[in-house]
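Enquirer: Okay, here's what each chain looks like letter by letter:
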Amino acid sequence: MTEPVAIKLTQCGKTWPDGTRALHPLDLEVSGGEILALLGPSGCGKTTLLRIICGLEQADAGARVCFGHEDVTAQTPEARGVGVVFQSYALFPNMTALQNVAYGLRVRKIPAAQREQRARDMLRLVRLEEFAERRIDQLSGGQRQRVALARALAIEPRVLLLDEPLTALDAKLREHLRVELAQMLRGLHITTIIVTHDQDEAMILGDRIAVMSEGNLEQIGTAESLYRAPATDFVGDFLGTLCRVRARLSGSVLAPGSESITFRPHECVLSQPGSQGHTATILARFFLGSSVRYEIGLEDGQRFSALAPPDSRYTTGDLVSISLAHH
Amino acid sequence: MNHSRIDTRIGTAITLAVAAFLIGPVILSVLAGLTKNYFVGLSSGLTLRWIGEVWALYAETIWRSFAVALATLAICVVTGVPMAWVLTLHRGRLARAMEELLTLPVAVPGLASALALIVSWGTVSGLRGSIWFIVIGHVLFTLPFMVRAAGASMTHADLTTLNEAAATLGAGRIARFLHIVVPNAMPGIVTGALTVLTLSIGEFNLTWLLHTPLTKTLPVGLADAYASARLEIASAYTLVFLLMLIPLLVGLQWLAARGDRRAPLPVNQKPRP
Amino acid sequence: MARRGWLWFAAPAAVLFIAFWLLPMVGLAIIGAESRNGQSAYLTVLGSEQYWMSLLNTVVLSLAATLATLLLALPVGRFLAWHPRFPGRRVLMSMLTFPLAFPGVVVGFLVILLSGRQGLIANLTQWLPDGPLVFAYGMGGLFLGYLYFSLPRCIGVISAAAEHIDPALLEAARTLGAGAWRRFIDVELPALTPALIGAGAMSFATSMGAFGTAFTLATQIDVLPITIYNEFTNYANIPVAAALSIVLGLVTWAVLYVAHSLAGGGGGAGA
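Order-wise, the sequence lines are chains A, B and C.
Residue numbers for the first sequence follow my numbering, so the first one is 1 and each next one is one higher.
Residue numbers for the second sequence follow my numbering, so the first one is 1 and each next one is one higher.
Residue numbers for the third sequence follow my numbering, so the first one is 1 and each next one is one higher.
Footprint (simulated), chain B over chain A, 3 or more residues, beta carbon under 8 Å: (1) 74-83; (2) 90-104.
Okay, the calculated bits of chain B under chain C, using three or more residues with CB under 8 Å as the criterion: (3) 6-14; (4) 18-27; (5) 76-88; (6) 132-143; (7) 200-212; (8) 217-228; (9) 243-257.
One side of the interface only, derived from the structure: several residues of chain B facing chain C at Cβ under 8 Å: (10) L102; (11) L104; (12) A107; (13) P109; (14) G110; (15) L111; (16) A112; (17) S113; (18) L115; (19) L117; (20) W121; (21) R173; (22) A234; (23) T238.
FYI, nobody ran anything at the bench for these hints, they're computed from the structure.
A virtual CB, placed ideally from N, CA and C, is assigned to each residue, including glycine.
Based on the provided sequences and hints, a complete structural model is requested.
Expert: Rendered as structure tokens:
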């Protein structure tokens with residue numbers, strides 16, 4: 001494998017012919033061998049950004065896309081050598097799994113014996129070597145995803161792009177494959193960008209996360225730094241849930257006041273009502289298996305959620321006092 | 001049951017009457033072509049004599065119709081399938097206008113198209129008396145059917161995404177067209193092919209004006225037979241024509257049924273968000 | 001991704017179309033403007049009573065045949081839609097759609113077999129005082145012919161539309177007290193109207209341009225396609241033939257455009 005290449009985007013924006021802005025001009029740098037997760041709701045521009053990187057879309061004038069020292073802004077997708085795993089996998093139905101994986105090598109005029117060998121190696125990497133002769137409609141969703149990955153890797157890309165790789169799979173499978181995929185990608189040492197709208201996926205798969213909203217880059221950093229120190233309320237609310245109340249902190253106890261206090265539901269500690277601070281009411285209790293969720297109502301009508309350990313035994317109607325850990 | 005019994009009874013009666021009206025004359029024609037003497041009726045016995053005479057008189061027209069149909073098909077495939085692909089990729093107003101334009105030779109009476117062709121190209125030596133003159137007319141009339149059928153298949157198979165995937169793997173345009181587009185549009189291409197063959201074999205309006213005594217096709221021969229030959233021969237000739245059509249029509253019906261039975265979602269369906 | 005690079009793929013078809021249809025059609029239109037007797041053929045055509053009669057005949061006959069077709073196709077289409085499964089349905093469908101592939105000449109011949117001098121109807125009506133009933137060789141036969149090739153097309157369109165009517169709508173009407181007739185008028189007919197208009201327009205346009213059928217029945221029937229043919233072949237009056245063709249072409253194209261927007265595609269042999 002060659003030296004992993006860094007990606008540098010300068011002032012990449014995208015405006016559609018009808019005038020709508022898909023992306024505001026943004027700068028982005030991804031180090032060689034790093035895995036970056038582009039996280040955001042649908043319509044935030046993350047897929048557009050991905051398509052600009054692989055050349056399927058052209059950014060507005062003034063933008064630059066560089067792979068290492070090479071300016072690839074004007075290069076066609078055929079020439080860029082970017083491996084892409086599409087959201088719908090885009091496997092060719094008229095070819096077997098093996099032929100799909102070997103296709104990139106076929107167009108590079110690699111001799112048949114060599115490319116079959118390499119295609120089989122790739123299928124072995126994704127643990128699908130027995131399915132080499134299967135046609136695409138005979139494969140399950142998870143298997144297709146792996147074939148798509150093998151196909152993208154077969155061409156030894158300098159950059160790997162994955163567009164919502166796990167979204168098409170059902171929840172249990174997704175959970176299982178997430179960790180597998182993370183480990184596999186880390187072992188490959190290819191500069192990788194993953195687009196997703198699922199925060200768990202972003203946190204597990206990405207070395208760093210870039211949160212996007214409405215064509216803008218909101219914040220970029222490790223999962224932990226984004227979670228603990230969200231730059232904007234949008235980021236805070238997108239990674240995990242953010243509760244916001246008008247109150248005051250006396251010590252770590254929530255008391256009546258008019259400041260804006262934000263915290264995570266699991267940072268709430270419930271205790272017997274005391275003399276100072278809010279006396280809150282438990283409005284509802286939901287047992288979730290690994291935790292208990294309470295709907296809390298303050299005397300002034302404000303409401304928020306709190307997450308407690310599974311052995312928490314308060315019930316609807318109980319009065320409690322709320323304090324916040326880590327604050 | 002949402003429908004009254006009277007409704008069903010009337011519906012059944014009219015349906016059977018219409019079916020009789022449509023098929024009755026066909027059966028009549030088939031019988032006339034096989035009966036020894038039409039005036040006497042079936043009691044005169046069945047014979048293949050008329051079909052034999054048809055073959056002796058009109059075999060050439062039958063071969064020629066086949067040849068014209070195949071030539072028309074070849075040209076339609078080579079020009080129509082790439083055109084269908086371009087129209088699938090481009091979804092703008094210009095593409096839609098081109099599609100409408102291509103169907104004009106079908107919307108406008110064949111008479112007019114033939115007249116235009118004769119007036120513009122009829123003076124080119126060698127072309128007017130050649131079978132290619134007829135082939136051109138047939139191509140103009142059948143091309144939109146090939147384009148439409150192939151295009152429907154291309155859209156259904158989500159070929160735009162597959163095209164992008166192949167591009168990221170490094171394939172150039174011609175490679176993508178031959179490896180990805182054509183194989184995956186096969187159902188539509190085959191349907192289009194059968195349609196083109198059926199329409200070409202039966203084409204009359206254009207061909208009557210474009211033909212010369214040396215380039216008669218089957219329908220042209222039929223018109224001659226209807227005007228001058230015995231009823232039995234004309235019927236037998238019609239029978240031969242119908243026999244040529246049946247395998248094509250059965251093939252088209254079979255393809256249509258197969259298309260319905262297959263999974264309605266293409267292999268690469270985008271998941272719901 | 002550069003879409004423009006693909007445009008070359010459309011070139012062969014485009015060149016074929018432009019060279020052999022578009023430009024010749026324009027040429028034809030220009031010839032129609034040529035003058036023979038001191039005025040452009042278009043004016044001659046529009047000013048002559050003879051051609052207007054031809055046009056009128058064609059329009060009236062096509063209209064009558066279209067209405068008759070719709071009147072028959074509606075119950076058949078509904079019947080097929082309400083009975084999606086019964087023994088022999090496949091055979092019935094084949095019988096109803098087989099004629100779609102017939103060219104106009106064959107339809108003409110079948111009309112003669114039915115109503116010509118030696119036809120079925122003639123044989124059945126031998127005993128009539130005025131002699132057997134024969135009407136194939138005139139407007140009557142042409143009417144039958146138009147009916148013959150329009151029915152399969154219309155039945156197909158109407159039954160497809162009828163299948164798409166949500167049964168829940170009819171059930172709702174029932175629970176609200178609507179009887180069978182009311183349900184037909186208030187729920188079914190409005191839902192089927194676009195299909196009816198589309199199918200009707202298609203039949204009308206095809207009948208207007210039908211040549212083969214009229215040609216087989218008799219070359220003296222006074223409908224526009226026959227007139228055009230006569231002008232061209234017998235009188236070598238190319239400008240008038242051209243002018244009439246352009247007028248006919250414009251009318252059929254316009255009517256089909258309306259049909260297409262209302263009922264969607266649908267093919268078949270020319271008539």
